[in-house]
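Residue numbers (our numbering), protein chains in the order written: chain Y, 2 to 336; chain S, 2 to 336.
Rather than coming from a laboratory, the hints here were simulated on the basis of the structure.
Hints should not be assumed to be uniformly reliable.
Quick look at which bits of chain S chain Y covers, simulated, 3 or more residues with Cβ under 8 Å [stated by the list, open to error]:
1) 4-12
2) 25-38
3) 68-77
4) 81-89
5) 101-111
6) 114-123
No residue lacks a Cβ here, since even glycine has one placed at the ideal position from N, Cα and C.
2 protein chains.
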Amino acid sequence: MGKLIEDLILPYLGGFQTDVGLELLDDAAVVDGVVFKSDSHAVRPIFFPGGDIGRLAVSGTVNDLAALGAEPTALGCGFVLEEGLLMKDLEQVLASMKVTCQEAAVFVVTGDTKVVEKGSLGGLVMNVSGIGRRTSSLDHNLAVVRKHRSSFSARWVLDSNLQVGDKVILSGTIGDHGLAVLSAQEGLAFGSKIVSDVKPLNHMVKKVLEVGGVVSMKDPTRGGLANTLNEWSEKANVGVFVHEEKIPMREDVRAASEMLGVDPLEVGNEGKMVLGVVKEMADEVLEALRGTAEGGEAEIIGEATDAFDLVAMKTVVGGNRILAMPVGDPVPRIC
Amino acid sequence: MGKLIEDLILPYLGGFQTDVGLELLDDAAVVDGVVFKSDSHAVRPIFFPGGDIGRLAVSGTVNDLAALGAEPTALGCGFVLEEGLLMKDLEQVLASMKVTCQEAAVFVVTGDTKVVEKGSLGGLVMNVSGIGRRTSSLDHNLAVVRKHRSSFSARWVLDSNLQVGDKVILSGTIGDHGLAVLSAQEGLAFGSKIVSDVKPLNHMVKKVLEVGGVVSMKDPTRGGLANTLNEWSEKANVGVFVHEEKIPMREDVRAASEMLGVDPLEVGNEGKMVLGVVKEMADEVLEALRGTAEGGEAEIIGEATDAFDLVAMKTVVGGNRILAMPVGDPVPRIC
Numbered sequence: 002m003g004k005l006i007e008d009l010i011l012p013y014l015g016g017f018q019t020d021v022g023l024e025l026l027d028d029a030a031v032v033d034g035v036v037f038k039s040d041s042h043a044v045r046p047i048f049f050p051g052g053d054i055g056r057l058a059v060s061g062t063v064n065d066l067a068a069l070g071a072e073p074t075a076l077g078c079g080f081v082l083e084e085g086l087l088m089k090d091l092e093q094v095l096a097s098m099k100v101t102c103q104e105a106a107v108f109v110v111t112g113d114t115k116v117v118e119k120g121s122l123g124g125l126v127m128n129v130s131g132i133g134r135r136t137s138s139l140d141h142n143l144a145v146v147r148k149h150r151s152s153f154s155a156r157w158v159l160d161s162n163l164q165v166g167d168k169v170i171l172s173g174t175i176g177d178h179g180l181a182v183l184s185a186q187e188g189l190a191f192g193s194k195i196v197s198d199v200k201p202l203n204h205m206v207k208k209v210l211e212v213g214g215v216v217s218m219k220d221p222t223r224g225g226l227a228n229t230l231n232e233w234s235e236k237a238n239v240g241v242f243v244h245e246e247k248i249p250m251r252e253d254v255r256a257a258s259e260m261l262g263v264d265p266l267e268v269g270n271e272g273k274m275v276l277g278v279v280k281e282m283a284d285e286v287l288e289a290l291r292g293t294a295e296g297g298e299a300e301i302i303g304e305a306t307d308a309f310d311l312v313a314m315k316t317v318v319g320g321n322r323i324l325a326m327p328v329g330d331p332v333p334r335i336c
Numbered sequence: 002m003g004k005l006i007e008d009l010i011l012p013y014l015g016g017f018q019t020d021v022g023l024e025l026l027d028d029a030a031v032v033d034g035v036v037f038k039s040d041s042h043a044v045r046p047i048f049f050p051g052g053d054i055g056r057l058a059v060s061g062t063v064n065d066l067a068a069l070g071a072e073p074t075a076l077g078c079g080f081v082l083e084e085g086l087l088m089k090d091l092e093q094v095l096a097s098m099k100v101t102c103q104e105a106a107v108f109v110v111t112g113d114t115k116v117v118e119k120g121s122l123g124g125l126v127m128n129v130s131g132i133g134r135r136t137s138s139l140d141h142n143l144a145v146v147r148k149h150r151s152s153f154s155a156r157w158v159l160d161s162n163l164q165v166g167d168k169v170i171l172s173g174t175i176g177d178h179g180l181a182v183l184s185a186q187e188g189l190a191f192g193s194k195i196v197s198d199v200k201p202l203n204h205m206v207k208k209v210l211e212v213g214g215v216v217s218m219k220d221p222t223r224g225g226l227a228n229t230l231n232e233w234s235e236k237a238n239v240g241v242f243v244h245e246e247k248i249p250m251r252e253d254v255r256a257a258s259e260m261l262g263v264d265p266l267e268v269g270n271e272g273k274m275v276l277g278v279v280k281e282m283a284d285e286v287l288e289a290l291r292g293t294a295e296g297g298e299a300e301i302i303g304e305a306t307d308a309f310d311l312v313a314m315k316t317v318v319g320g321n322r323i324l325a326m327p328v329g330d331p332v333p334r335i336c
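Given these sequences and hints, build the entire structure.
Structure, rendered in structure tokens:
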């Protein structure tokens, strides 16, 4: 997918000079001060433990806007429905979108629906786009960063802002969404039910920005934590070192991952945020995160370093290993 | 589709109080002064005479933003690709999007790609969302309207603005897109090639706004001219009377429609605009339209009236007939 984007999509569609453009491949773009994001969803099955495609699509776009430091102001929604989709299933997806929009305090203001013949969609695929705006919380956050890093001039929270010495914080347990969808796809039942973490994180992000000191944020969706950290390392040109024992993970997720042979660090999450924070503010940001409903299990999992230029992890069994950029999706149609 | 939107989508997703919201079901929404639109496309085949799904998706969103009187500033793009899609086909779609973006002077700044198993999509479906802004051309246009209609206070070009006495202008021939796609679907070859009219209309709209006096605009896509006029009649609570002999239509489109049994007034167009114009400015707007490449065949086709409260047409054979709201799509997967 990365190759497809770099070899085909960017050469044809890139090139626009703006504050935050397509080439940055960040969580969202900024044009004329408006933060803008488009995200399509083809998760299968459309209902999975802990969520559904509607909740996923709303949360995904809200979280991408929030990851830039923006406040989401409105969403657009495009459905492609398969003939034969039960109206009660569509209604359940819409009801779930409504609840998720209420949680995030954002509304759908524009949309469109198309119908295709019955095929491989599993009911429907959908796109949620969103716009967001700059807030005083973001301005405060950036001012706190500048207090500790005089050379800092970024106007948004970007992947490329990470610098040597910054702490890396993970807002909670990893792997829940990927294993929940995979178990639904495979028809597996585990001893304890693994449920997706899918949720909007904009309120949590606002709390953190009001503390300040956050330079980078990313919701570790496709490719999981391993993908997020590798993107940061590449874009910011720094090494990232994380400590396996610090990475929050549910025991049943760990067990299911081993059984199914997938790496929980490489599967997508839909209710977590990875934050790069200036080291002087890391403890305060951690405390603020832990004070929120969404970030109660947050941990400082590592830091940016100049000791090497890739992502490495100190394992619980001892020794370090490279955490490489994931190749392909371990779970197809996870989001 | 109208029933689906009113019975299911609006009750769940509507309710946001904003300048132009979901309930208006206008061409785009306005939030915080930002014009915002989302549109999905599932046309089949993805390549058809005169265009392809990429050109269609870019033009569709650009035209919807323009129909509100806005200038498009950026696009977002979400692809859902089917396994087995040839890379050369995807590349051709991207190249077409690039050309169309250049024509419209707008860029894609955010996007996303998902892959699904081979099924019924015919290669790919896609969503293009877009944002736009208010311009001095729009302000000028509205000032001209106010000169002729003192009670006018709308800040955007809306379906509901149409009033008794306003002229209805159509920017060119009707039915081309629908018949081109239908002939591609059916594998038909007509004596002369019917090609889609798909194109971005934002430059044409700008020229017209610089003349001024336009109260309503709509690109007659799904449901065609009949749908557009009925929406205007319902939303603005006026009758609309049009003259069949004034409606521009290619002879081969007329012949193909008769042969295939579809009403050319009910099939979608992708490169035309219907305009409601205060009567004092109708001739000037018509002249401006005819001076553009996109609107060379424009005609004044009718007017808003209080003689009745529906859409009626004076036919070429004599007598009037009701032009009803189309029921269902005469051409499936036309856009």
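Hints the structure fails to honour: none
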